[in-house]
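Colleague: If you want the building blocks of each chain, they are given just below.
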Amino acid sequence: MFQVRIHGRGGQGVVTAAEMLSIAAFEEGRHAQAFPSFGSERTGAPVVAFCRIADREIRLREPIMEPDGLIIQDPTLLHQVDVFSGLKLDGYVLINTSRSFEELGIGEVAAGRRAQRRPADRKCSLPASELALKHIGRPVPNAALLGGFAALSGLITLDSVIAAIRDKFSGKVADGNIAAASEAYEYVKREMREDVHA
Amino acid sequence: MLKQCEGSHAVAEAVALCRPEVICAYPISPQTHIVEGLGEMVKDGQLKGCEFINVESEFAAMSVAIGSSATGARTYTATASQGLLFMVEAVFNASGLGLPIVMTVANRAIGAPINIWNDHSDSTSQRDCGWIQLFAETNQEALDLHIEAFKLAEELSLPVMVCMDGFILTHAYERVDMPTQEQVDAFLPPYAPRQVLDPAHPVSIGAMVGPEAFMEVRYLAHAKQMQALELIPRMAKEFEAVFGRTIGGLIHTYRAEDAETMVIAMGSVLGTIKDVIDEMRDAGNKIGVLGITSFRPFPLAAVADALRHCKRFVVLEKSLAVGIGGIVATDVRMAVTGMGLKGYTVIAGLGGRAITKKSLHALFDKATRGELEPVTFLDLDWKVVNKQLERERQHRRSGPVAENILRDLGVVAAKIV
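Keeping their order, the protein sequence lines are chains L and B. Quick note on my numbering: the first sequence kicks off at 1 and runs consecutively. Quick note on my numbering: the second sequence kicks off at 1 and runs consecutively.
Hint data in this document are derived by calculation from the structure and do not stem from the laboratory. There are no misleading hints in this set.
Label pairs and their computed distance ranges (CB to CB): (1) B:398 - L:105: 38 to 44 Å; (2) B:365 - L:80: 35 to 41 Å; (3) B:394 - L:137: 54 to 60 Å; (4) B:357 - L:44: 30 to 36 Å; (5) B:358 - L:56: 20 to 26 Å; (6) L:138 - B:44: 25 to 31 Å; (7) B:48 - L:43: 36 to 42 Å; (8) B:366 - L:43: 39 to 45 Å; (9) B:408 - L:99: 33 to 39 Å; (10) L:44 - B:189: 48 to 54 Å; (11) B:227 - L:138: 55 to 61 Å; (12) L:120 - B:358: 29 to 35 Å; (13) L:175 - B:221: 55 to 61 Å; (14) L:100 - B:330: 58 to 64 Å.
To list a few chain L residues with every Cβ distance to chain B over 12 Å, as calculated: (15) 88; (16) 102; (17) 137; (18) 139; (19) 154; (20) 171; (21) 179; (22) 183; (23) 190; (24) 192; (25) 194.
This structure is a prediction, so every number in the text was calculated from the model and none was measured. For each residue, glycine too, the CB sits at the ideal point set by N, CA and C.
Looking at chain L on its own, in the form it has when it is part of the complex:
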């Protein structure tokens, strides 16, 4: 079972992101369960959503406390919420930012403890809000982050992410989100290649 936790703020489509991730996995014939952290949602308040993906029926209903993947939709949460709580050492981290992990001051945390380092190809920054502004006209980073997460983790294909976006949205909104997700996918692939060469 692969467990993803998504952190963001009310209004950023955090819950929708988890739902779309589950639809993408469903498209690939897998079992998936997405659910929000059930707060009184308010615009700007910290929001958490969860997604589990497995090859058999998912019965577990507890929140995800030890994620295999972490998507952080808003880097300002780093100072407010213990977003890395329970993250597995070989877990993936994708942050919506145009800055590096080191510039954000989380290089050490994201890299794991001294003796056991998180592999470099398991974390990535992605300017998802910028991509969303460019393609959708609004800084809603969720679809771009899912495209990026597909590239980073290989958990789902970009095609499944696109199918999930089409399931949730239609018309120009869907097109814009698909364009953002596709460019994000390419961006992360490129970043990972550069990491390998560095």
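Starting from the known structure of chain L, fit chain B onto it as the hints suggest.
Modeller: Just chain B now, with coordinates in the frame of chain L:
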């Protein structure tokens, strides 16, 4: 057809397939998405022959449901928590009059303190209201139980509550197998009421009944629920024949063969419990599960039968009978009267407190060793409790409890679980 969707959406679609003629509801979290979905389906013409009535309160919702059901219309509503409490007088009337209304309760805690999260306090507070109460474990089961509920309600002329965990199920996206209209039509015949307000054949419904007959009318309400004990398992078989999958029935067991310890629960927490039981079984622990689908009528005989060969049982419930302990546990204990079993009550998950595998492992280990207290509050923060008790000892004007405790805890927005 398999689809990945929200639990509320799945239920709305299943209700629509049952061809309801009147839907009246007042929005309250976490039920809102269900009636919103149905409202959209009525408006865009997908759900034909159905009137969606906006009402000004839950009391009005149930009152309208009573009226429409009495005219022979298949009637549906949904509520939760304070909404259910607000309609209680009409809830009793619906069952007392024998009107086959189907209502979803998206289970949520009851205030004070106000809390929008899940537990079973709302529907268990209505355990004696005369409605049948069925509890869903998954979104598939929630969907299926609604289809069964209409048939059961109309066959018995009795209202049915389908209870599903608020947020945990209503807001969860998971895979469901949505039946076709043909399948639902094959299972659920058009509504043929036992009593109907019809100008061509006038009757009155709702007579005042004095001491001469009140007991008899009430006894018949009880007798009908006893009939439901026979009917529900039969209907589960009919359901399987049409839809090709099993639904709850009265109870269902999991890995109960040769179990020395049985864990009893209702609703979605059964999934987490089953995962824990699998791991404990792998470690050689003889432990099994009994899920209760039908809370009302309570299947005393079936529960006793399922526990016949165990040594001890743990009832884990998301409700609290203040002043005694468990609500479900009390019923289970009645079922096993005289069987000489050791029974434990565990109050868990109140107000949305997460029930984790880790806590369940520790709990069930303790139970199998016979070290559990008769009544346990799972993951209760004793530090918080004791601090408040100490405050009350120290100060006459100790202040409001909830506010004190929130102040003691500090900012909780940073917490993930």
